[in-house]
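Undergrad: The primary structure of each chain is shown beneath.
Number of protein chains: 2
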Amino acid sequence: MKARVTVTLKTGILDPQGKAIEGALKSLGVDGVASVRQGKVFDIELAAADKAKAEAALKEAADKLLANTVIENYRVELLG
Amino acid sequence: MKARVTVTLKTGILDPQGKAIEGALKSLGVDGVASVRQGKVFDIELAAADKAKAEAALKEAADKLLANTVIENYRVELLG
Numbered sequence: 001m002k003a004r005v006t007v008t009l010k011t012g013i014l015d016p017q018g019k020a021i022e023g024a025l026k027s028l029g030v031d032g033v034a035s036v037r038q039g040k041v042f043d044i045e046l047a048a049a050d051k052a053k054a055e056a057a058l059k060e061a062a063d064k065l066l067a068n069t070v071i072e073n074y075r076v077e078l079l080g
Numbered sequence: 001m002k003a004r005v006t007v008t009l010k011t012g013i014l015d016p017q018g019k020a021i022e023g024a025l026k027s028l029g030v031d032g033v034a035s036v037r038q039g040k041v042f043d044i045e046l047a048a049a050d051k052a053k054a055e056a057a058l059k060e061a062a063d064k065l066l067a068n069t070v071i072e073n074y075r076v077e078l079l080g
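Chains as they are written, first to last, in the UniProt record's numbering: chain A, 1 to 80; chain B, 1 to 80.
Derived by calculation from the structure, the hints in this document are not laboratory data.
One or more hints might be untrue.
If chains are identical, the list can't say which one is meant, so a pair holds when it fits in one copy or spans any two.
EDC-like, lysine to aspartate or glutamate: derived pairs with alpha carbons at most 16 Å apart [claimed, not checked]:
| # | residue 1 | residue 2 |
| --- | --- | --- |
| 1 | K2 | D50 |
| 2 | K26 | E45 |
| 3 | K64 | D15 |
| 4 | K40 | E72 |
| 5 | K2 | E55 |
| 6 | K2 | E22 |
| 7 | K10 | D31 |
| 8 | K10 | E72 |
| 9 | K26 | E60 |
| 10 | K40 | D15 |
| 11 | K10 | D43 |
| 12 | K59 | E72 |
| 13 | K51 | D63 |
| 14 | K40 | D50 |
| 15 | K51 | E77 |
So that you can see chain A by itself, here it is in the shape it has in the complex (with noise of 0.2 Å):
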């Protein structure tokens, strides 16, 4: 089964690196960028069939390591 977490800041977190891509973009001469909040996205094959494990195993995953729930938050989808 193919899912994929899907990792971002949570809101009123400042975000340095969004903000060096905004210079850099203007600089590149990209008009009208108004912001920019950068994440992560992880793509997973998991071997289990079942839509309830496989959510409980990618729950875990992004708890314990692909999201610092502190200051991110995380989507988990399933994509069959």
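Following the hints, put chain B in place on chain A, whose structure we already have.
TA: What follows is chain B alone, placed relative to chain A:
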């Protein structure tokens, strides 16, 4: 206008970071994870309200900065 650019490694490109995460998940006792590939996601706010202009700016940003198009693919989504 809000948009999301998702950048992922092309198939066949080795992902050492993904391999490291696989190993770490195993040692943390998260079972059933066959493979992990990591990518980046950019949540971008654009001044343009015109879809075509927004898409052109995002494509330019991805080609010039957000993605290394030699080894990465990117997908642009306008979220409205």
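Undergrad: Each hint should be assessed against the structure and marked as holding or not.
TA: Tested hints:
Taking the closest pair of Cα atoms, K2 and D50 come within 16 Å of each other only inside a single copy of the chain (12 Å); across copies the shortest separation is 35 Å, beyond that limit. Taking the shortest Cα distances, K26 and E45 sit within 16 Å of each other only across copies (14 Å), while inside one copy they are farther apart (37 Å). Taking identical chains as interchangeable, the C-alpha atoms of K64 and D15 are never at most 16 Å apart, the minima being 22 Å within one chain and 21 Å between chains. In this homomeric assembly, K40 and E72 come within 16 Å of each other (Cα to Cα) both inside a single copy, at 10 Å, and across copies, at 14 Å.
When the C-alpha separation of K2 and E55 is checked against a cutoff of 16 Å, the pair qualifies only within one copy, where the shortest distance is 11 Å, while the shortest distance between copies is 28 Å. Within a single copy, K2 and E22 get their C-alpha atoms only as close as 33 Å, which misses the 16 Å cut-off; across copies the closest is 15 Å, which meets it. In this assembly of identical chains, the alpha carbons of K10 and D31 never lie at most 16 Å apart, being 26 Å within a copy and 28 Å across copies at closest. In this assembly of identical chains, K10 and E72 lie within 16 Å of each other by CA distance solely inside one copy; the values are 5 Å within and 26 Å between copies.
Taking the shortest alpha-carbon separations for K26 and E60, only the inter-copy value of 12 Å comes in at or below 16 Å, while the best intra-copy value is 39 Å. Within a single copy, K40 and D15 get their C-alpha atoms as close as 13 Å, and across copies as close as 14 Å, so both meet the 16 Å cut-off. When the C-alpha separation of K10 and D43 is checked against a cutoff of 16 Å, the pair qualifies only between copies, where the shortest distance is 12 Å, while the shortest distance within a copy is 21 Å. In this assembly of identical chains, K59 and E72 lie within 16 Å of each other by CA distance solely inside one copy; the values are 14 Å within and 27 Å between copies.
Within a single copy, K51 and D63 get their C-alpha atoms no closer than 18 Å, and across copies no closer than 36 Å, so neither meets the 16 Å cut-off. Taking the shortest Cα distances, K40 and D50 never come within 16 Å of each other, neither inside one copy (25 Å) nor across copies (28 Å). When the C-alpha separation of K51 and E77 is checked against a cutoff of 16 Å, the pair qualifies only within one copy, where the shortest distance is 11 Å, while the shortest distance between copies is 27 Å.
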